[in-house]
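Using the sequences provided together with the hints, build the complete structure.
Protein chains: 2
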Amino acid sequence: MQQAIKLASQAEQKGEVPIAAIITKIGSDNIVAEAYNEVEQQNNAIMHAEIIAITKATKLLNSKYLSDCAIYVTLEPCAMCAQALAHVKIGRLYYAATDPKGGGVEHGACVFHQKTCNHLPEIYSGMMENESRQLLQNFFQKRR
Amino acid sequence: MQQAIKLASQAEQKGEVPIAAIITKIGSDNIVAEAYNEVEQQNNAIMHAEIIAITKATKLLNSKYLSDCAIYVTLEPCAMCAQALAHVKIGRLYYAATDPKGGGVEHGACVFHQKTCNHLPEIYSGMMENESRQLLQNFFQKRR
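Heads up: the sequence lines are chains A and B, in that order.
Be aware that the first sequence starts at 5, since it is given in the numbering used here, and climbs by one per residue.
Be aware that the second sequence starts at 5, since it is given in the numbering used here, and climbs by one per residue.
One or more of the hints may lead you astray.
For identical chains, the list gives no copy identity; a pair is met inside one copy or between any two copies.
[Unchecked claim] Capping the alpha-carbon separation at 30 Å, the derived lysine-lysine pairs in DSBU-like fashion look like this: (1) Lys119 x Lys29; (2) Lys10 x Lys29; (3) Lys10 x Lys105; (4) Lys119 x Lys146; (5) Lys68 x Lys146; (6) Lys119 x Lys105; (7) Lys18 x Lys63; (8) Lys146 x Lys63; (9) Lys93 x Lys68; (10) Lys68 x Lys10; (11) Lys146 x Lys105; (12) Lys146 x Lys93.
Note that these hints are calculated values from the structure, not bench results.
Right under this line is the structure:
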């Protein structure tokens, strides 16, 4: 998660909302794929860190599923990213800060807990929550 | 929607689940972007028709939002695609068949009706529902 926080602060320097995601094989520290938000850079509001990281990882592993992988995200995924993680059958989901305004894991759509959801990963949250929240707060304060 | 159904049956011929999406400017019949499911072709379980069509349209229109656009999808979008459509602030959503098993608009996550959702498009459903459902049923029957 430390590496994901670092990556998120790099995103900030490029004018992106500082959120990042890292995918590893479960039980390994080797990074399979990493990404930060590229909404501005790609001029596309769906280019969240998770979507980019998933696409990189499926290419690199040559697999449409990521069952033996873990993803580390600095913020609770939105409903789009949560359902995307279900579609690729991610093994584990770790996220730092919760997102009461836009989250889709433990807020709002609670994607993984719907009957329409095909997959429930192991989910862990709260690690490095303060660092992630601080990055986001600084970013939005500067923009006001 | 007729064009979307045609496109979905092309997807079937390529071994993809026959679902397609077409984006137009609201009030125009000119197609801005079209796509079908490319889960098999791209070997990536998140490559739904809507995600690909959105990405094409944002590029072509050079805009991260699609507020003045309508999307025609042959099946009720899942939670991932519904939230993606919210993120790009799609103006109108038309879909043919409903999807009680995996839909995220009027089933399960009911994405657009959550407090965490930033956008509610105009939503219309049911046009050419039988044609779309027939395509899907034929596809899955052949696979069994």
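Now for the hints, and whether the structure bears them out:
1. Lys119 x Lys29: within (28 Å within a copy, 34 Å between copies)
2. Lys10 x Lys29: within (20 Å within a copy, 40 Å between copies)
3. Lys10 x Lys105: Within one copy, since 23 Å is at most 30 Å while 39 Å is not.
4. Lys119 x Lys146: between (41 Å within a copy, 26 Å between copies)
5. Lys68 x Lys146: Between copies only: 22 Å across chains, 39 Å inside a chain, cut-off 30 Å.
6. Lys119 x Lys105: both (23 Å within a copy, 8 Å between copies)
7. Lys18 x Lys63: Result: close both inside a copy and across copies, 25 Å intra and 20 Å inter.
8. Lys146 x Lys63: For Lys146 and Lys63, the Cα distance is within 30 Å only across copies (28 Å; inside one copy 36 Å).
9. Lys93 x Lys68: both (9 Å within a copy, 28 Å between copies)
10. Lys68 x Lys10: Answer is both; intra-copy 28 Å and inter-copy 26 Å each pass.
11. Lys146 x Lys105: This pair counts as within: shortest intra-copy Cα distance 19 Å, inter-copy 44 Å.
12. Lys146 x Lys93: Only across copies: Lys146 and Lys93 sit 25 Å apart there, 37 Å inside one copy, limit 30 Å.
Taken one by one, the earlier hints all hold for this structure without exception.
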